[in-house]
Every structure is written in C-alpha cells, then in structure tokens.
Amino acid sequence: MSEILIKNGFIVDPINNINCEKKDIMIKGGKIVEKVNETKAQIIDASGKLVMAGGVDIHSHIAGAEVNMGRMIRPEDHYKDPVKKTTITRAGTGYSIPSTFVTGYRYSEMGYTSVFNGSIAALKAKHLHEELNDIPLLDKGTYVLMGDWWFVLENLAKGDLNECARLVAWLMQSTKGYGIKVVNPGGLESWGFGRNVHSLDDQVPNFCITPREIIRGLIKVNKLLNLPHTIHLHTNNLGIPGNYQTSLETMQAVEDLSTDAKPVLHITHIQFASFKGENWSKFKSGAEEIAKYMNAHTHMTLDMGQVTFSDTTTMTADGPFEFSLYELGGHNKWVNSDVETESSGGIIPFHYKKNSPVNALQWSIGLEIALLIKDPWKIFMTTDHPNGGPFYDYPKVLAWLYSKKAREATLKKCHKSARKKSLLPSIDRELTLYELAIMTRAGTAKALGLTNKGHLGVGADADVAIFDINPETLDITKKFRTARKAFSKAVYTLKDGIIVVKDGQVVNSQVPGRTIWVDPQTKDPCRIDEDMKRKFRDYWTIEFENYPVTDNYIKVSDRLVRKASV
Amino acid sequence: MITLTPLRAFNVPIQAPCITPDEFANKSVAEVTKLPVTEGNRHVTLGDLFKIEQNASESSSITINGECSKVKRVGQGMTSGEIIINGNIGMHTGEKMAGGKIVVNGNTGGWTGSEMKKGIIEIHGDAGDYTASPYRGNDLGMKGGLITVEGNVGTDVGCYLQGGIIKVKGNAGRFLGFHMSEGAIYVEKDCDVRAGALMTAGKIVIGGKLEILPSFTIDSIKAKVKVDAETTVQGPFYVFLGDLSEKGKGKIFASKTNNPEFKFYEKYL
Chain A
4 MSEILIKNGF IVDPINNINC EKKDIMIKGG KIVEKVNETK AQIIDASGKL
54 VMAGGVDIHS HIAGAEVNMG RMIRPEDHYK DPVKKTTITR AGTGYSIPST
104 FVTGYRYSEM GYTSVFNGSI AALKAKHLHE ELNDIPLLDK GTYVLMGDWW
154 FVLENLAKGD LNECARLVAW LMQSTKGYGI KVVNPGGLES WGFGRNVHSL
204 DDQVPNFCIT PREIIRGLIK VNKLLNLPHT IHLHTNNLGI PGNYQTSLET
254 MQAVEDLSTD AKPVLHITHI QFASFKGENW SKFKSGAEEI AKYMNAHTHM
304 TLDMGQVTFS DTTTMTADGP FEFSLYELGG HNKWVNSDVE TESSGGIIPF
354 HYKKNSPVNA LQWSIGLEIA LLIKDPWKIF MTTDHPNGGP FYDYPKVLAW
404 LYSKKAREAT LKKCHKSARK KSLLPSIDRE LTLYELAIMT RAGTAKALGL
454 TNKGHLGVGA DADVAIFDIN PETLDITKKF RTARKAFSKA VYTLKDGIIV
504 VKDGQVVNSQ VPGRTIWVDP QTKDPCRIDE DMKRKFRDYW TIEFENYPVT
554 DNYIKVSDRL VRKASV
Chain B
757 MITLTPLRAF NVPIQAPCIT PDEFANKSVA EVTKLPVTEG NRHVTLGDLF
807 KIEQNASESS SITINGECSK VKRVGQGMTS GEIIINGNIG MHTGEKMAGG
857 KIVVNGNTGG WTGSEMKKGI IEIHGDAGDY TASPYRGNDL GMKGGLITVE
907 GNVGTDVGCY LQGGIIKVKG NAGRFLGFHM SEGAIYVEKD CDVRAGALMT
957 AGKIVIGGKL EILPSFTIDS IKAKVKVDAE TTVQGPFYVF LGDLSEKGKG
1007 KIFASKTNNP EFKFYEKYL
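First to last, the sequence lines map onto chains A and B. Under the working numbering, residue 569 is the last one in the first sequence; the count climbs by one each step, no gaps. Under the working numbering, residue 1025 is the last one in the second sequence; the count climbs by one each step, no gaps.
Quick caveat, the hints were computed from the structure, so don't treat them as lab data. Some clues are possibly wrong.
[Said to hold, decoys possible] Taking lysine-lysine and the DSBU-like style, the derived pairs with C-alpha atoms no more than 30 Å apart in a straight line are:
1. A/336 - B/899
2. B/852 - A/287
3. A/223 - A/127
4. B/790 - B/852
5. B/873 - B/899
6. A/356 - B/790
7. A/416 - A/285
8. A/357 - B/899
9. B/790 - A/87
[What the hints assert, rightly or not] Far from chain A by the CB rule (all over 10 Å, computed), these chain B residues:
10. 892
11. 904
12. 984
13. 1023
Positions of the beta carbon are idealized from the N, C-alpha and C atoms, including for glycine.
Build out the structure end to end from the sequences listed, making use of the hints.
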C-alpha cells in the first residue's frame, strides 16, 4: 500500500492535545505512522488548510428496514434530488433518505469516515447488513434494539442479570451489532396493546417490569459484557411537551451506576427530549435544566438531534411517538408497525418550518443545549439523520455552533414567539475548531470506545479530512459562510490511507469500508434450549435457525472481541 | 412568434422542458434550434426534431403544429407568454407554470398543469389522468390558475388541490379531487366513483351522475352554486359535507335531477 505524507497542515487533534499546530502526518499501510520514505511517498500539500481525523457520526439512520420503508413511501423525496452517475460513482438519489451509495459519497465529501446506524430490530438485521455492504467509503456499525426484546424483559423481570447478559451477548453475535439500543423502554412493548408508558415507573403490560428497571438492568448488562459503547437510549415520552423532566429523572436514575466518573449512558437526540411546558401552546425550552444537570455530572454523554429546517422524513422505532406526530402533523401519509416481539416502528414525512413556533423553538433548543454544556466531550453534533434534518446539513449546524452571527441570521427569520422564548440571544459562546473536532470526531470516537479512530496519533486508522480553512487568516465566527462551505466539501478525505475525495468530489468509490461489530466472549454460552426454540416458533415469524446473521452477510467484517465478566 | 412542426413521427418519449416562451425569449431561430432535448436516452437538439420558423410578429408566443403526444414537459415552469398546440401533446404540459396561457387544440397526456401556480390552460380535447395533480408521492398540488377541458378527463384529477379552478365539460374518472384542501372543480357531465375522497375543504360540482362515499353527509339543497366569478351553475343540487374520515369540511354539489337515487338522503335534512 502506498505511502502518503500530508505536509504543513494545521492539525486539530483533541485526543492528542494538538490545537492548530503545523505538523506533518505520515501514512503507511492504512495507518498513521511515525515515518515514511519522503522520496517515495505521495505528498499532499496541506499548507494553509485544516487537518482533522475523519468524522465519526454517533447516530444516523443510514440503513435498515425503516430507512428503506421511508424510501418507499416518499418518491417525491427522490425526484427532487437525482444524482447522476459518473465514471467513478454510481447513480442514485439524495435528499432526506438517500440511496445507499449516495449516503457513502455524501458523507465522504464532508470528511466523514465512520457512521453508526441509529437502530435496528434484531429481526431486520439481515436487511440492515445487506444495505451497509452497499454503503461505500465508510466504516459502519449499528446499535441493536434490545429494550423491548422479550427475552431481555423476561430475564430482567426475573432479576437474572447474568443470563440476561449471556442472551445479549448471543444477540450481539447473531445480529453483528455494535451496541445496545433502548428506545422508549417498555413503551414499544405496550404499543403492541395500543398503550404507552408515561413515566419511568409505569408497568409494562404482561412483564411486571418498569422502564427504570429496564434501563438500569441493561446498563449493568453492558458493564458485565464490557462493551465498548455505553447503552444508547432514546428516552421515554420523547417529543412530548414537559418531557425534560423524564429526561432528568432518567439521568438521576442511573447516577449511582457510574464508577470512576465514566459515562454509563448515552442519551441520543436530546433536543427531542428537552421540551418544557404543559402543552404545545405553552411549549418552552428545557435546555437550561438539562445543561445545568450535565455540567454537574459526568456519567452521561448526549447527542444533539438538531433540527435544520428542511423537508425531511422522521423515522424511529418509537411507534407511539410517531402516532402522536401523525395526529399533530395534519394526517400526512405514514407507516406504523409492530416488529413482532422486539420493537415497533413509525415513519412520517415532516417539514420543519421557520415560521412554526414549535419547530423554530426546537431548532433553538438543540443549539442551546450544545452551547450551554461547557464540556464538548459530553455532547456531540448530530441531526439524528433524517429525523431533525438530513446529514448534509451538518455544516449548517456547525456554523450555528461556531458563529453567533450565523445564529442571529437564522433566528431573525424564525417565528416571533420562538424568538421571544429562545435563549440563544443571551448565549455568546462560539465554539472553536478544537471544540468542533471534539463534537464531531474525537468525542464520538471516545464515547464509542474506538481507540484507533477520531485522532491522528501514531497507530490510528488513516482516516483524515482536510478542509480549506486557514485558522490563522480566516475568522470563522465572522465569515461563517466561507467556513460552512469548506466544511461541506472537504479538500481531501482519506479512508484507510486511500484518497477517496479530492476537492469535494469522490475520486475513488471502490473502498468498501468495514462493518464493525462486537463479539462479547462470555464464559458460558446462553441457554438455548427447546423452550427458547419453541418461543421462536410460537411468537416469531421466522425459525430460530434462520434468525442469526451469518458471517457471509458481511462484506468486510471488523470483529471486535471483548472479554465479558460473566 | 415561433412555429414548431415535427419533422417526423416520434416513437419514443421526448423530454422538452425548453419549449417555453421564457426560454425562447430574446433568442434567434438559430439559437432555439440548438436548445437541448432528449429523445429516449439520446441527447439531441430541438432542430433535430422540429422545423423551426419565425413569424414577423413580435409576440412571445409559440405554436406547435402536429402530432406531439410523445413530447413531454412543454411549457414547464413558464411565467408568461402563450403556447398554442394544434394537435395532441404529451405528459407534464404546463407543469409548475406560474403565468401565461397554454391552448391545446387536441388531447393532453397525464399531469397537465401539475403543481401549477398561476396562468390558464385551455384544452379543446380530452385531458389525461392526473391532470392538475402533483407527481406521485407529492402532496403539494395545484395552487392557483384555471384549467378548462372541453372533453373528458381521466382519473385522479385535481388531487391535493390547494387552489385554482378546474372546469370540465365532459366526464371525469375516479378519485376526482382526492385529498383536495381548497379550490373548485366543476364537471358538467358524469363522474366515476370516489369523488372527493379524503378532501378537507374546497368545492366539487357535478352536473351529471355520481356516487357519494359513505363518509360524506348531506348538508342542504341549494338552487345554484357559484364556481368562480364567471360561472354560476343552476341546480338544484344536493350539498354533501366531507370527507368525515378526515374531519373535512369540503362540499360536493350533486345535481338533484340527474341523481334521483339520492332522494333518501332528504329524510336526514
């Protein structure tokens, strides 16, 4: 494999405490190394440019059954944004739910090299992996929905944590997943009976268990299995006014589980879980309370779930939430489904508008939280693609974070009631490039437990993004549009030491990217007996034998072995 | 004024969004000849397909003479001027138009006047399916303007209508005014089933026979109904309210004389 030398760039690498220093980066064999042969190596002149590690997206719905269903119900989304084939890239469609290839190309053009899929029900894992195989230029992983999986509920209700951990390990191996995803714990199971849970202590029908017990139980299981990521939680009461209290209660409920100030919980798209007020007309921002709590505690990480004002498609495993959105949003076409014994799902097209008081305030809440939390290692930048907006809007979100001027420009166009309620005018903070690097790559890689991503130290994967931003001459807070443009089209993106994007265009689409999955090694295997197989026959539509995703489903497999303590 | 005449019979679909007065404005015949169009999967120029002549008159109008039912997207997005088509024309004619006038002395294909905002389309023959309806999946229908049809129209006419007027002298197909939320549709003759399904507001006037969905309820009997400033239709009409499955307040005016079987509704008045 060829050697590459990136010369004279301004390096921003928060994991190695490098802040805009002029340094060279050496690449050999797909890794960052200490030395290359300067005469032989291909030289990339990065003088006057910004060099960062490739972006790591912690939560984005890029593949799976619901993503595909979203594609099916929205032909109008595709013909707005057709993508022509070139000699290098394939044809496809873009906008809120891009086709698999376009997903890979467009992420790569923004300097992203790793993306983690928001959720998948175990039953649909085969479909997911077939789609992931078709997303080029990115390393991918997925979280597996386990919060309402019957075997988990049964064992947690019994209090048998060890057996639950063994089952979760088996499920991780069978689905080739990366982490435990919990969506509206208890609520999805209740939704099968047309009900929902409304607080952490509501009973889940037929299981004698509460959301609080599910969350705490799975955190303990996560620790027993020694998984790289914490559990990934979509809170109860998501998208309902007044839910910031549920979020705070959830955070408080797991405080005692953290040891050595290590995070034990990741709450995803926190914007949707920070609503204050009794109803939509009294809708207010709960950002202050959430940020205050986060500033005083270390056991959690968050991601934003920023709204970006676009015609997008909401999709989540939270079926009851999508139902309320359908009732609220004027009876648009929609999908709602019950994924047998595992989860639910819903999809609704949604247009976030600046002149809607609620949507405009949602936009404000996401930014308020990100700016009010002082430590960028605790909150990461996402739009919960495509729920808050498609991922191509990331440069816009970055601009709102690093420039007060950019925020003011957008706020001026927002509905006046949102302008009045927004806390943004009182926030002067403008994030530095160093902090942005934490929120988009270093912090996410750390939260995911990926030791060789998110930084440019020796031994790291040679995933590099180079942007046309000169930190010495360009004041990004004033010239936010110039920097936004630079972030949307990387000058170079390198994936595993191969140049895949040059001047914002994909130049090599033949790098497939790996599927990263965790293989927790338990001392004993879980109990797979006749009773379990009988349950599969009785309650699932597929037989136990056909359930697991076999190795041949994955094109490029990157297995991460973890030793469990059970 | 520019006149286009097909040089030969067209066998495969032709995408010609460039045929609009806006595009032709301030262009010489030589420049118009070079405008790009696609014929099937091949890129050709307008001059390859049409004989292009310029008349002395200065008016910004375009005349197309001949059979053009394979030619799509004529007048797409036009904002002013006039297109006169002496013959049949293909799909998406006048799509997203924002002004001007299109006169068709023949039949049109599907999606004529789809997503139009302003302007007039006069069709002196039949209009195809999805006339004045958005393309599949989209819920942003015609917003304004006027479409008149001398002949019949196909199915799914005026879907997601958000404004504007559609007047049809002949019959209409199924799902007339599906999901409409404003505007008015007037059909002088009969209408196939499921008119006004899922409508939330707006007006559908049917002079001939029709079927009423069970999700509509009788409201009153009116002697006449006003469609727009020029047209007032003499009844009497049964007025139905719906679609109740969408808590709709749309109105369907059904001719009393041509629908005697609706008499049983009168007892609910």
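Do the hints match the structure? See the list:
no., hint, in the structure
1, A/336 - B/899, "20 Å, holds"
2, B/852 - A/287, "39 Å, violated"
3, A/223 - A/127, "26 Å, holds"
4, B/790 - B/852, "24 Å, holds"
5, B/873 - B/899, "5 Å, holds"
6, A/356 - B/790, "41 Å, violated"
7, A/416 - A/285, "21 Å, holds"
8, A/357 - B/899, "21 Å, holds"
9, B/790 - A/87, "23 Å, holds"
10, 892, "5 Å, violated"
11, 904, "27 Å, holds"
12, 984, "27 Å, holds"
13, 1023, "32 Å, holds"
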